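Chains as they are written, first to last, in the working numbering: chain A, 22 to 406; chain B, 22 to 406.
Certain hints may be false.
Identical chains share a label here; the pair holds if one copy fits it or two copies do between them.
[What the hints assert, rightly or not] Below, a list of computed lysine-lysine pairs in the DSBU-like style, where the Cα atoms sit at most 30 Å apart:
| hint | residue 1 | residue 2 |
| --- | --- | --- |
| 1 | Lys244 | Lys339 |
| 2 | Lys285 | Lys24 |
| 3 | Lys406 | Lys244 |
| 4 | Lys53 | Lys339 |
| 5 | Lys244 | Lys322 |
| 6 | Lys214 | Lys285 |
| 7 | Lys322 | Lys178 |
| 8 | Lys339 | Lys376 |
| 9 | Lys244 | Lys24 |
| 10 | Lys24 | Lys41 |
| 11 | Lys24 | Lys291 |
| 12 | Lys214 | Lys406 |
| 13 | Lys34 | Lys285 |
| 14 | Lys214 | Lys178 |
Source of the hints: derived by calculation from the structure; they are not laboratory data.
Predicted model only: the values in this text are computed from it and were never measured.
Protein chains: 2
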Amino acid sequence: VRKVAIIGVGCTKVDDHWGKSLRNLFADAALKALEDAGVERVDALYVGNMSSGFLQGQEHLGAFMADAIGMPGIPAIKVEAACASGGVAVHEGFKAVVSGLADLVLVGGVEKMTDALTPHVSSAMIMAEDQEYTAYTGITFVGLNALIHRLYMETFKAQPEEIAMFPVVDHQHAVNNSFAQFHSAITVDRVLKSPFVADPLHILECSGIGDGAAAAILCPLEKAQEFTDTPIEVAASTVATDTLSLHERDNLLTFSASQKAANKAYEIAKIGQSDVDVLEVHDAFSILGPLSLEDLGFVRKGEGAKFTMEGQTAVGGKLPTNTFGGLKARGHPVGATGVYQIVELTWQLQGEAGKNQVNGAEIGMAQNIGGIGTTVAVHILRRVK
Amino acid sequence: VRKVAIIGVGCTKVDDHWGKSLRNLFADAALKALEDAGVERVDALYVGNMSSGFLQGQEHLGAFMADAIGMPGIPAIKVEAACASGGVAVHEGFKAVVSGLADLVLVGGVEKMTDALTPHVSSAMIMAEDQEYTAYTGITFVGLNALIHRLYMETFKAQPEEIAMFPVVDHQHAVNNSFAQFHSAITVDRVLKSPFVADPLHILECSGIGDGAAAAILCPLEKAQEFTDTPIEVAASTVATDTLSLHERDNLLTFSASQKAANKAYEIAKIGQSDVDVLEVHDAFSILGPLSLEDLGFVRKGEGAKFTMEGQTAVGGKLPTNTFGGLKARGHPVGATGVYQIVELTWQLQGEAGKNQVNGAEIGMAQNIGGIGTTVAVHILRRVK
């Protein structure tokens, strides 16, 4: 099987980009990645995006973005898997290189969520769930996560403080990330005194609404050294799914798609949890942090919140997680998020993570969730020695 | 390079399916394809769809459809490229098999266009074009095709009768296709006396609005005989793009994406135009029939309409085209269309095309367009001897 490497990455700041359209955002990130790789043209393009049709009246983002970056003509395809659209775009790009049908592939994600009415953004997000079985009740995406949050607290006797710690660590990391949406440190006390969005979820436990784009250039590992001195191998790229609706599941506190995608990734990369030096998890809501640490097998079920409370996910802890701020603080421009994770892990493994550098990081892992654990993309990246 | 085969196909009738949701339609087609292949489970699923977010409030169709067909858990991904979404889904499934990361792959397309207000469908369709540069003017997708139609007539001195012949042949073929949306034969006279939708395009020159789904099962060619006595090889699968906006192009009467995708496909399959026994072209509007015959290299530029008028595209002619009715008469449920083409070619090459069977057909070719020639997916299928 042909091996794949990342040879360049780039992203925009996650922000309210009032002056930039979907096109501008994507082009900014893509051109940075191309420049980083020293590449002027690619063989194929994959774009991850969830809601541009509904929010901007623009579909057909593959060809649209190929044109935007000056490459009309190349095979260019949009993929969508709700909030996992970015991770899935990386997965399709990975597969294109493995297949031998393309050498240089640009994978990117973009989402523009401001410049739309808040109710429209809520309507867009709940489309990740089942419209006929669940969304029609009027429940929001935040509301569904709040149910998981409450069940977790009751089942595992977890304290609100323990779960609130996850966003606190995120914000602590984001202070040093100039691309992050939020740069302010917060405290557990401040999280728990912030208004409820959907009880028991406080607003400071929810990722915000923001615009952003991220991109990476992939190529066969054997050719990577032609482009960069610090290629990063994509040691595994997996996708798994689960039912959309929660009522169809046996267990609401274990995301089987996370487990499936992760276990397959460990097997392909031939590593175990203890080999992972730096982690990115999809904490769109605080509860998804601890839950993901458990589903990926880093701690036992029910112990994720305690592990976070002990400071183990902070840089300097046992398992530095979301070292650029995660979804809560770096931001969560939906279709771009999975690609931001890849960009940030690449920087960590290249030793380019600045003040939040995890010393000697060799292996990084990213988990990107679409829906309520419905689609999960997992990537394992490895520094090439 | 690993070779790929089709081992089963299925589709629904294109129709106003008032009693069937997006989910039901897809499941119907997918289960038929699984049954045709004698397969109970696949390794991965690709779903082509354009507008379910905007029209049904449902995104995340990969996982959604995996669940619908009883396979939650498998990697399942939605791809979108406007009206070429179906062809592009087949392309991604093809790549998954070539990469060796999957053996059995289900590729399908679905679109539900009724049960939505007509202005909404028009709004959905124009999202294939550039919202900021073109769609904001208020022009419709039909309107843009009418401009091409008029320019073709003026440039090549083509007669309305010659262009109107394309839908006439489509309808003639669809009479024998029980899955077709329209079963009535029409005449050139009737086409030209039907109302204008956008001058010079008459309503009988435009594909209608309909619901439908189609699916195919792919596997490595070397394993295909385990499943069927009549596997069909996917000899080439290519995608190319062009600018979205027409004002960015040098030539409005040549779709360079069609040429690029087709030329690459001929090269990969090691065939020339004269080897093609049966053809499917993307005639969403009558003018796209002749134009595509030219872009794919079957006739010289400007001669497509005359070639049609001579009856060469009818079953029995030199180049039987759209033998199940094409977009005009079989129907054009947008994201499914590219997969319908694959299903129909498979039937032709298996000798299962009934009254419209092209005797001895060995090689089939499908061209699926998204936007105004913006994304083109080309497939070349070959009967396995």
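Here is what the structure says about each hint:
Proximity of Lys244 to Lys339 under the C-alpha cut-off of 30 Å is found in neither arrangement, the shortest distances being 34 Å within a copy and 47 Å between copies. Taking the shortest Cα distances, Lys285 and Lys24 sit within 30 Å of each other both inside one copy (16 Å) and across copies (25 Å). Proximity of Lys406 to Lys244 under the C-alpha cut-off of 30 Å is restricted to the intra-copy arrangement: shortest distance 15 Å within a copy versus 38 Å between copies. For the identical chains of this complex, Lys53 and Lys339 are neighbours neither inside a copy (32 Å) nor across copies (51 Å), given an alpha-carbon limit of 30 Å.
Taking identical chains as interchangeable, the C-alpha atoms of Lys244 and Lys322 are never at most 30 Å apart, the minima being 42 Å within one chain and 41 Å between chains. In this homomeric assembly, Lys214 and Lys285 never come within 30 Å of each other (Cα to Cα): the closest approach is 40 Å inside a single copy and 61 Å across copies. Proximity of Lys322 to Lys178 under the C-alpha cut-off of 30 Å is restricted to the intra-copy arrangement: shortest distance 12 Å within a copy versus 74 Å between copies. For the homomeric pair Lys339 and Lys376, the shortest alpha-carbon distance inside one copy (17 Å) is at most 30 Å, but the shortest distance between copies (70 Å) is not.
With identical chains, the CA atoms of Lys244 and Lys24 are at most 30 Å apart both within one copy (10 Å) and between copies (24 Å). With identical chains, the CA atoms of Lys24 and Lys41 are never at most 30 Å apart, being 36 Å at best within one copy and 44 Å at best between copies. Taking CA atoms no more than 30 Å apart as the test, Lys24 paired with Lys291 passes in both settings, with 14 Å inside one copy and 28 Å between copies. For the identical chains of this complex, Lys214 and Lys406 are neighbours neither inside a copy (47 Å) nor across copies (72 Å), given an alpha-carbon limit of 30 Å.
In this assembly of identical chains, the alpha carbons of Lys34 and Lys285 never lie at most 30 Å apart, being 32 Å within a copy and 39 Å across copies at closest. Taking CA atoms no more than 30 Å apart as the test, Lys214 paired with Lys178 passes inside one copy only; the shortest distance there is 20 Å, against 75 Å between copies.
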